[in-house]
Amino acid sequence: MSTDIWVWIAALLSLAIFSYLYKDNPVFRFAEHLFTGLSVGYMIVLMWNNYAYQYIVIPISQQRWITLIPMALGMLYLFRFVPKLQHLMLIPIAITLGIWNGWSIPVVIEADLFKQMQGTMVNTTMFQNPWDPHNGLVVGLLVVVGVVCTVLYFYFSREHRGPLKVASSVGIWFVMIGFGASFGYTVMARMSLLIGRIQFLFTEWIHLIK
Amino acid sequence: MRRQIPLMLVLVLGIFFFIQFFVPSRLSTNIYQVSLQWLILISAFAIVLAIGSLVNHHLLKIKRRREHWPYSYATLAGLVVMSLLGILGRFPGLGLLDEIYYRLYLFVQAPMDAAMFAILAFYMASASYRAFRARSKEALLLLVSGFFIMLGVIPLGALIWDRIPDIAEWIMMVPNMAAKRGILFGVGLGITATSLKIILGIERSWLGGGGK
Amino acid sequence: MRSITVIGLILLGSAAALTQPMPAAPADPAPPPVQPPGLVTAMDTPNDAGNSISVDWRPSPDEAQGLVEGYVVYRSESAEAPESLWTRVGYVPYGLNQSRDQSVPENGMDFFYRVRVVSRLGASAVSQASNPARSSEQWYNSMRTNALIASLLFVAIVVYFITMAQKGQHLFVRRIAGLSAVEEAVGRATEMGRPILFVPGLSSISDVATIAALNILGQVAKKTAEYDTPLLVPNRDPVVYTVAQEVVKEAYSEIGRPDAYNHDSVFYLTDSQMGFASGVDGIMTRERPATNFFMGMFWAESLILAETGAATGAIQIAGTDAIHQLPFFITACDYTLIGEELYAASAYLARDPKLLGTLKGQDWSKALIVLLLVAGLALSLINPGVRGFILNILTVG
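Protein chains in written order, with the working numbering: chain A, 1 to 210; chain B, 211 to 422; chain C, 423 to 819.
For the record, the hints were derived by calculation from the structure and aren't laboratory data.
For each residue, glycine too, the CB sits at the ideal point set by N, CA and C.
Do not take every clue at face value.
[Claimed, not checked] Part of the chain A face toward chain B, derived, beta carbon under 8 Å: (1) Leu34; (2) Val45; (3) Arg64; (4) Pro70; (5) Ala94; (6) Asn101; (7) Ile109; (8) Asn129; (9) Pro133; (10) Val139; (11) Val143; (12) Gly146; (13) Arg197.
Just chain A, same shape as in the assembly (with noise of 0.2 Å):
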């Protein structure tokens, strides 16, 4: 058994935690509104030292004005607690909403929408050897009637019936085909965590695993 006691508190804890599995407790209820209250104030910290420091404390010690424009706009917010004057609270969200917006829309053409098409062709290669499983043309072919498939599941505009509705059911198999596979991938990677947590409280508290 450790005689430290932090190590005592992180096992408690930890086990005050896994107690939410049997049912909602006394014990899981304290942990469960600690760990708000701690990581809120985690947080608070980091901002304090990490932003406050690095763009207003020490642009205005360098008498660098221009950071006292996102100051004054940041602190638009707080007319929130002005109840004649909430409205300028709107004034920062739109410049957030202005500047992410107008950037994602190339953006995600490029990504999501030239990379899956310049993927999804088929490769010169696959010709040399048409029914490799992993290579050949007929896979590529698969991919490309997958895609297309998946692609017309999500078509909103129209009832699903006639061709329509044989390639969006074609569509969602491929869906829940890939569902399965990164379902499977994850159960896979997260009983990993399981078994690492298991190891400190087996190791480091109680020293049965040396």
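Mind docking chains B and C on chain A? Use the hints.
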């Protein structure tokens, strides 16, 4: 007027940053860099509102003696203690506070974080159980493909049948890849359309009710 | 060949030994000479902010024999400058015969480049100076012309359908199961006298999925305002929290019940991913919402949220474009909006002609993509050479 200014700002900035993407010049890249920095700074002030919300939520709970109100003290205490230790600990001569802050992070906050992450593994089991009760043809597909992948990534799979790792890889590279691409096309168009709706002011619920 | 290696090892050994002060080092035999790189070409790096010149060269003929270790690139203001005035600006290992000098001190001024080959045995030889080159900044990235055309085309299609919709043209939308269930889900909560939980994802406002989630929140809040059902909206991002609050306020005043809006219904929880998950778990077990909405961007916590919610017996409607989290929502939730369905949701729920017009525009763009994929495939099958051409068009920079 109260709505016009934010709407104009979104439109003008949206168009400006759309164009900025195509302009590689020094001025343009500098504007982009500075805007990102400014955005961080502007958003930092929203944290004040967020903390206000959290504190207010718990103070109200305590004041009105709502169910489970005593736990709110744990949140408030955690917040106050952690932030004071972290900020004051930086001052000369107060290194002890910084030491306690560091320990609180390492032995109180981080273990809870890790434990919560570890709980995921238990939920994986219940999620797998749910998946195994496949209620439809589509769910069955998910189950079968998930099963092959799980077997495919562990040595046991190859022991059962030496083709299983191959099948798992094929599922990842062919149907999984096709589905992913198909979804991404839709997502790409969805994102672009949503951004466009915000810039053009078609979607304006973010303006809130107060400014009419 | 082996003897060369042996000599090389000895030389390397002695080179290492030289770094130690040694009273009487034997004189080094000169390593076998290496042939210098061929023609060196320098040009302004295209589509950039300036202060950069791209250099390429013909490899040293010895590279084919595997004798070359790498190339050192030098810059100078004059082709005939003495050795001391050539500044080292880069090193690339063998096999790569190009380099980019990102530290050009001035735009619009001539600079020359030389490339020194270094052999594995320690010999080196320098090339002739390159042609003069000037760096400059560009005001248009020509590599992005394809993205510009595609973006403008998309905007044009969407704006066209919005105009058509405004003129009163009827626009059909197919049933989306998860969204048809919203009304029923809110009704159920009202009957049971329990709240509705809406989590607008864990990402920031820079994620468009968050914006889509907030648009759905607006529609859901209108329904809760109508039925007078309590609404709980926990947040992880401070900016998202402020916007979510405005969205809910707007919904209540649009329904004509601004007085029913409760300030505390949209609240901030914590920035910590797992702290947020444990907090929402607590809310789900203690407040027992009848319906849970998980919309927007999620990471690993998706499973914790969805499994807890399923255990409490709530109706769950999820929607995300996070491909890796979708399988967990699908297994644990009653309805799941997959990818683009998340973005289509606000149009579906609001039935606003402008929003439906946008959706129609998205569909036409999808049809265009399918057409391009199929045409590209057909052309590549007929003539594999076309493939290179198509890939070229799709290359982004």
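Hints versus structure:
Among the interface hints, the one on Leu34/A holds; its C-beta lies about 4 Å from the nearest C-beta in chain B, closer than the 8 Å criterion. Because the closest C-beta pair between Val45/A and chain B is about 3 Å apart, less than 8 Å, the hint holds. Contact between Arg64/A and chain B, as hinted, is not supported at the beta carbon level, the nearest pair being about 12 Å apart and thus beyond 8 Å. Interface restraint check: Pro70/A against chain B, minimum CB-CB distance 4 Å, threshold 8 Å, status holds.
With a cut of 8 Å, the hint placing Ala94/A at the interface with chain B holds, because the nearest CB-to-CB distance is about 4 Å. Here the hint on Asn101/A is kept, as its CB sits about 4 Å from the closest CB of chain B, short of 8 Å. Interface hint at Ile109/A: satisfied, since its Cβ lies 6 Å from the closest Cβ of chain B, which is below the 8 Å cut-off. The closest approach between the C-beta of Asn129/A and any C-beta of chain B is roughly 15 Å, which is over the 8 Å cut-off, so the hint fails.
For Pro133/A, the interface hint holds, the least distance from its beta-carbon to any beta-carbon of chain B being 6 Å, beneath 8 Å. Taking 8 Å as the C-beta cut-off, the interface hint given for Val139/A holds, the closest approach to chain B being about 6 Å. Interface restraint check: Val143/A against chain B, minimum CB-CB distance 5 Å, threshold 8 Å, status holds. Below 8 Å, beta-carbon pairs count as interface contacts, and Gly146/A has one with chain B at about 3 Å; its hint therefore holds.
Checking Arg197/A against chain B: minimum C-beta separation of about 4 Å stays under 8 Å; hint holds.
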